[in-house]
Amino acid sequence: MADVFSQLYIHLVFSPKNREALINSDWEERLHKYITGTIQERGHKLLAIGGMPDHIHIFVGLKPAEAISDLVKEIKVASNDFIKNEKLSKFKFEWQNGYGAFSHSRSQIDAVCKYILNQKEHHNKKTFQEEFVKFCDDFGIEIGRKEFFEWFD
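First residue of the sequence shown: 1, per the UniProt record's numbering; consecutive thereafter.
Please keep in mind that the hints were generated in silico from the structure rather than gathered at the bench. All residues carry an ideal CB built from backbone N, CA and C; glycine is no exception. Hints should not be assumed to be uniformly reliable.
As the list claims (entries may be wrong) - Okay, the calculated beta carbon distance ranges per label pair:
(1) Val4 - Gly37: 20 to 26 angstroms
(2) Leu46 - Ala21: 22 to 28 angstroms
(3) Lys125 - Pro64: 33 to 39 angstroms
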């Protein structure tokens, strides 16, 4: 059997249910470390992780043996359990069902990593909704009749 050669870089974006700002800066780093471990245990490579209280960005080098949807599901389930078991949030914490997955080329790795690691700065100028809609536009993703995140302003 021949070996598999792949180069898959995926930028994931998702939010707590109802896009609530529940990711507290007091425990955000612990959450990021936990998610990093989940990704690595599944054989993927974490390139960057960051976000805001109302959403998270994860950039991974994806191994082709696992579907993106399966990885996202595992990240959400495991991190949700971690938040509950560690009693990190005083509020009920759940991730929204939807997510964004955007592919990038090798030449874009540095720019995407810098973008994710500088989320606080980016969101001084742009809301999460504006950011996500721009991603969809930039990647030619037609939102149309798809079920979209629940935006509460």
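Going through the hints against the structure:
For Val4 paired with Gly37, a C-beta distance near 24 angstroms keeps the hint of 20 to 26 angstroms intact. Distance hint check: the CB atoms of Leu46 and Ala21 are about 24 angstroms apart, consistent with the given range 22 to 28 angstroms. The hinted range of 33 to 39 angstroms is satisfied by Lys125 and Pro64, whose Cβ atoms lie roughly 36 angstroms apart.
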